[in-house]
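Engineer: Sequence:
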Amino acid sequence: MGSGNILWSLAKNYFTVGLIGLTISDRYASVVPVRGTSMSPTFNPQTSTFWGSSIDDCVLVEKFCLEKYKFSHGDVVVFSSPSNHKERLIKRIIGLPGDWIGTPHSHDVVKVPEGHCWVEGDNSLSSMDSISFGPDLLESVYAALHISWFVLM
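Take 1 as the starting number for the sequence shown in UniProt numbering and just add one per residue.
Don't take each hint at face value.
[Unchecked claim] The calculated DSS-like cross-link candidates involving lysine-lysine, where the alpha carbons are at most 30 Å apart (straight line), are:
hint: 1; residue 1: 63; residue 2: 12
hint: 2; residue 1: 70; residue 2: 111
hint: 3; residue 1: 86; residue 2: 63
hint: 4; residue 1: 86; residue 2: 70
hint: 5; residue 1: 86; residue 2: 68
hint: 6; residue 1: 63; residue 2: 111
hint: 7; residue 1: 68; residue 2: 12
[Unchecked claim] Restraint-style ranges between C-beta atoms, simulated for each label pair:
hint: 8; residue 1: 16; residue 2: 81; range: 30 to 36 Å
hint: 9; residue 1: 128; residue 2: 4; range: 27 to 33 Å
hint: 10; residue 1: 41; residue 2: 87; range: 20 to 26 Å
hint: 11; residue 1: 125; residue 2: 87; range: 16 to 22 Å
hint: 12; residue 1: 113; residue 2: 17; range: 42 to 48 Å
Quick caveat, the hints were computed from the structure, so don't treat them as lab data.
Glycine included, each C-beta is placed from N, C-alpha and C at the ideal position.
Kindly produce the complete structure, drawing on both the sequences and the hints.
Structural biologist: Next up, the structure:
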């Protein structure tokens, strides 16, 4: 077997593994970094740096069967930002359709409409969440956290 055949065989194997990995990441589960302090102390409890770059906690999120998943209060979800649909946010579900939610800053009470949820970060002082943009569409939820966090260095 020549070196060209070995290289071709390796290239095919790497390509196949890459396609399988991409399919799993796109459809079933993926590792998502939690950036910033909006979910602190649950994620990123302390700001630290490692060789000049920040260390973020990462979570393994499930995307499979979300249309059949019954969301609950306290679930941590990844969803599209209402202001930039390419940006993903990680927040905790505080309210589901029909719930009445009190907003801390304006002291208003908001009813979560059907097909929506109310999401908030664990660190309300530095979180862009439903307090800022109102109820979010449940269909914008991209993934749900089912496995605990870890630090990715």
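Engineer: Can you let me know if the beta-carbon spacing of residue 16 and residue 81 is within 30 to 36 Å?
Structural biologist: 34 Å, holds
Engineer: Within 20 to 26 Å: is that where the Cβ-Cβ distance between residue 41 and residue 87 falls?
Structural biologist: 23 Å, holds
Engineer: Lying within 16 to 22 Å: is that true of the beta-carbon distance residue 125 to residue 87?
Structural biologist: 20 Å, holds
Engineer: Taking the CB of residue 128 and the CB of residue 4, does the distance hold inside 27 to 33 Å?
Structural biologist: 54 Å, violated
Engineer: Could you see if the CB distance from residue 113 to residue 17 stays within 42 to 48 Å?
Structural biologist: At roughly 44 Å between Cβ atoms, residue 17 and residue 113 fall inside 42 to 48 Å, so the hint holds.
Engineer: Going straight from one Cα to the other, do residue 63 and residue 111 come out at no more than 30 Å?
Structural biologist: 27 Å, holds
Engineer: Against the 30 Å threshold, does the CA-CA distance of residue 70 and residue 111 hold or violate the hint?
Structural biologist: 19 Å, holds
Engineer: Under the criterion that the straight-line Cα-Cα distance not exceed 30 Å, is the pair residue 63, residue 12 satisfied?
Structural biologist: Answer holds: residue 63 to residue 12 is near 28 Å, not above 30 Å.
Engineer: Is residue 68 within 30 Å of residue 12, Cα to Cα?
Structural biologist: Status violated; Cα separation ~36 Å.
Engineer: Within a Cα-Cα threshold of 30 Å, do residue 86 and residue 70 meet the stated pairing?
Structural biologist: 25 Å, holds
Engineer: When you check the alpha-carbon spacing of residue 86 and residue 68, does it fall within 30 Å?
Structural biologist: 24 Å, holds
Engineer: Holds or violated: residue 86 and residue 63, Cα atoms, limit 30 Å.
Structural biologist: Holds, at roughly 16 Å.
Figure legend: structure checked against the earlier numbered hints; hints not met, in rising order: 7 and 9.
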